[in-house]
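Asker: The primary structure of each chain is shown beneath.
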Amino acid sequence: MSKDHIDEVSGVETTGHEWDGIRELNNPLPRWWVWTFYATIVWSIGYTIAYPAWPLISTATTGVLGYSSRQDVRTELNAAEAAKGDYVAAVASKDVAEVLADEQLRQFAVAAGSAAFKVNCVQCHGSGAQGSAGYPNLNDDEWLWGGSIEQIYQTIAHGIRFAGDDETRFSEMPAFDYLEGEQITDAANYVVSLSGGSADAAAAERGQTVYAENCAACHGDDGKGMADLGAPDLTDAIWLYGSTVADIASQMRAPKHGVMPGWGERLGDVTVKELAVYVHSLGGGE
Amino acid sequence: MLNTSEVERHEAEAVNSAKVRQPLYAARKKIFPKRASGQFRRFKWLVMLVTLGIYYLTPWLRWDRGPHAPDQAVLIDLANRRFYFFFIEIWPQEFIFVAGLLVMAGVGLFLITSTVGRAWCGYTCPQTVWVDLFLVVERWVEGDRNARMKLDKADWSAGKIAKRVAKHAIWLVIAVATGGAWIFYFADAPGLLVDFARGEAAPVAYITVAILTATTYVFGGLMREQVCTYMCPWPRIQAAMLDENSLTVTYNDWRGEPRTRGAKKAAAAGQTVGDCVDCNACVAVCPMGIDIRDGQQLECITCALCIDACDAVMDKIGKERGLISYATLDEYNANMALATVGGTAPIDPRRVRDDSGGLSDKVRHFRLRQLFRPRTFVYFGMWALIGVVLLYALFSRDRLEVNVLHDRNPQFVTLADGSIRNGYTVKLLNMIPEPRVVFLSLDGLPGATMTANGIDQPEGRSMVIPVEPDRLRTLKIFVRQPQDLIDGTTQRFRFIAEDKASFESDAYTATFNAPEAR
Ligand code: SF4
Ligand code: SF4
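Protein chains in written order, with our numbering: chain A, 1 to 286; chain B, 287 to 804.
I should point out that these hints are in silico values taken from the structure, not numbers from a laboratory.
Do not take every clue at face value.
[Claimed, not checked] List of simulated lysine-lysine pairs, DSSO-like, C-alpha gap at most 27 Å:
id, chain 1, residue 1, chain 2, residue 2
1, B, 551, A, 94
2, B, 551, B, 602
3, A, 118, B, 762
4, B, 316, B, 446
5, B, 453, B, 315
6, A, 84, A, 94
7, B, 762, A, 84
8, A, 84, A, 118
9, A, 256, A, 224
10, B, 648, B, 713
11, A, 84, B, 713
12, B, 316, B, 436
13, A, 118, B, 713
[As the list claims (entries may be wrong)] Some chain B residues near chain A, calculated using beta-carbon distances under 8 Å:
id, residue
14, 309
15, 311
16, 313
17, 512
18, 516
19, 696
20, 702
21, 703
22, 704
23, 707
24, 739
25, 764
For glycine and all other residues, C-beta sits at the position ideal for the given N, C-alpha and C.
Next up, chain A with everything else stripped away, as it sits in the complex (with noise of 0.2 Å):
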């Protein structure tokens, strides 16, 4: 197309493009509109000395105005802390109980406890708390060593069998290795035929006996257990080494035994009150 060509209706010269019949008029851009195009480009230039740009080496110009996104994030988290202070402060000062007897700083420090809970305990507890094989869940309503607020308090500051720990419980079930393979198998029925579990009946009425005589010290005469020995409850449904007569004759012969490290020291009285009623928040605190 050539440059001249003029557009019929409206006698104004086109650019000479055209697309599918359709040509651009070549009317004048207003003059606003190209200062302000130029002064977008000025804007531009002092924003760039105003606010961190121009690449260096191995840095970057940082700006007239000093501003960092880094110390924005500082000054947010720093004001999240002192917003969160008043909270810290009551729980410090009050006992565990009444913090989780007190509505807002119950919903406070389940939620700070949540988040510490995913920082320090998900590795052997689970994402969700329901523990695995050997490492508790901590959602039902069975406590090895008791389900208290003060009792769970208790455990995750000092922890269980904790060598670090003056304070900890301890307590270890012994291996009934002098027990004849027959009374271990025979004691074992008896135990699952405690919580209902399919087990031999004959063997089971043996096994009473060697029951009587080796575990109820710990176990109770009725199986129930002893939270202050750390002794479980062996009439429920809820088995940290297995159900089966097989896990627990191995349980009796070699017995494994968990460690919790106490977190006392480490994380800080608040956090662990924060801990304890997060943990007796969901679901199986007594």
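Using the hints provided, position chain B with the ligands relative to the given structure of chain A.
Answerer: Same frame as chain A, but now just chain B with the ligands:
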């Protein structure tokens, strides 16, 4: 009969009168719109009064919602995420209503444009209304068109400076009031006004007022028609809504041409004389600074002021009004064909006149049925349908809601007695500004019972939960079912939330997971 001597002639040239060779950039040509008067101008004053009134006064209307909600009739409460509109309260998840209204506004704009052209632009667009308001000020301070042109050309003097300062000062006051009115929609107006005056309002309030003051002043005072011509997308889109049955402001050259100054002499000399006396009154009043006689054009906002101007001229020279009129392309083409014998001859207005000199019966006029055509039916149908659906949705919506999130990790927990427990995050939404007591119960899931953290009520199939006015309450709820009643790995049941006082209720169907039976 033709008395053209008393028609004032204006020195006026359209801003867009084209030269073949044009510069790359062009400075804005100043426009000094003359004051028009007539039926359209009167109507526009009325529209201006109503629209400005709505804008400035709405935030000050009160509406009693009781002690637990604000009493401002129209309030966008961003901090609490609530929108109040008289008797309607909207929560963020109900934004669909606002979206629906916006869609209706869009389709409504199509409907209006397809029937009466750019009526939105010409009458109600804020740009037009505020420019009109700013022009009122300009005329009041500096005088009408000729006085303003003279002042503009005059050298700087104390008088000129005084007038200019006065004009811009009043504009700024209007601009501040405009920006100021905006923020009252977002907070309690009387309280905010006091805070604002004392310098105690939130920084965002001052920033908003500053920005809107600047845009009002610049767009309404300085840029005016430039906004419509170069910045607004609507002039580009509107062409798609117009067809040959749409009313637009039209210069009826089939009766106006050949335009003639000194018509009497020319007529005596036997020349063909059109009705247009070439007085340029239509150009002088045009706020866009264009000449409607060049035909329908992008710049024209159809404000109809040129109709008023020309009607006044026609009255003076004793001709029928409507040389410039609202006309459709359809009637224009028919009349043009009449005047040019189907395009075979130059325009001769005598062909559209009868023997007595009046307009002939053959001249076509706008017929009402041109409003009713498939396009307008489709637009109106869409508009009405959305409206009806929105109304239905509005009057049948829940003001009490229960939403449930099933815990996924863990899905279920086996308890000591062998029963299975599932955890749920239950959200109760009390969407009225009154406190209420929600009766939450389980429906289905035989033998199941529930407990909630922080609610000290005995384990059972229901519990009573107070919820604050206009608030959402989140509860952690545990549902447990005895082992022997568990019926499969996935059972469905419902959480039912009831307000026993108002008989409102809502239900949520949730699932209950259990391990496979061993
Ligand atoms: S169209 Fe009407 S107002 Fe415009 S120049 Fe002609 S007579 Fe005057
Ligand atoms: S041409 Fe007429 S209708 Fe169009 S903007 Fe100008 S005065 Fe208004």
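Asker: Evaluate each hint against the coordinates.
Answerer: Hints versus structure:
no., hint, result
1, B:551 x A:94, "violated (107 Å)"
2, B:551 x B:602, "holds (18 Å)"
3, A:118 x B:762, "holds (19 Å)"
4, B:316 x B:446, "holds (17 Å)"
5, B:453 x B:315, "holds (20 Å)"
6, A:84 x A:94, "holds (16 Å)"
7, B:762 x A:84, "holds (23 Å)"
8, A:84 x A:118, "holds (19 Å)"
9, A:256 x A:224, "holds (20 Å)"
10, B:648 x B:713, "violated (72 Å)"
11, A:84 x B:713, "holds (25 Å)"
12, B:316 x B:436, "holds (13 Å)"
13, A:118 x B:713, "holds (24 Å)"
14, 309, "holds (5 Å)"
15, 311, "holds (5 Å)"
16, 313, "holds (5 Å)"
17, 512, "holds (6 Å)"
18, 516, "holds (6 Å)"
19, 696, "holds (4 Å)"
20, 702, "holds (4 Å)"
21, 703, "holds (7 Å)"
22, 704, "holds (4 Å)"
23, 707, "holds (6 Å)"
24, 739, "holds (5 Å)"
25, 764, "holds (5 Å)"
In this structure, the earlier hints numbered 1, 10 are contradicted, and the remaining ones agree with it.
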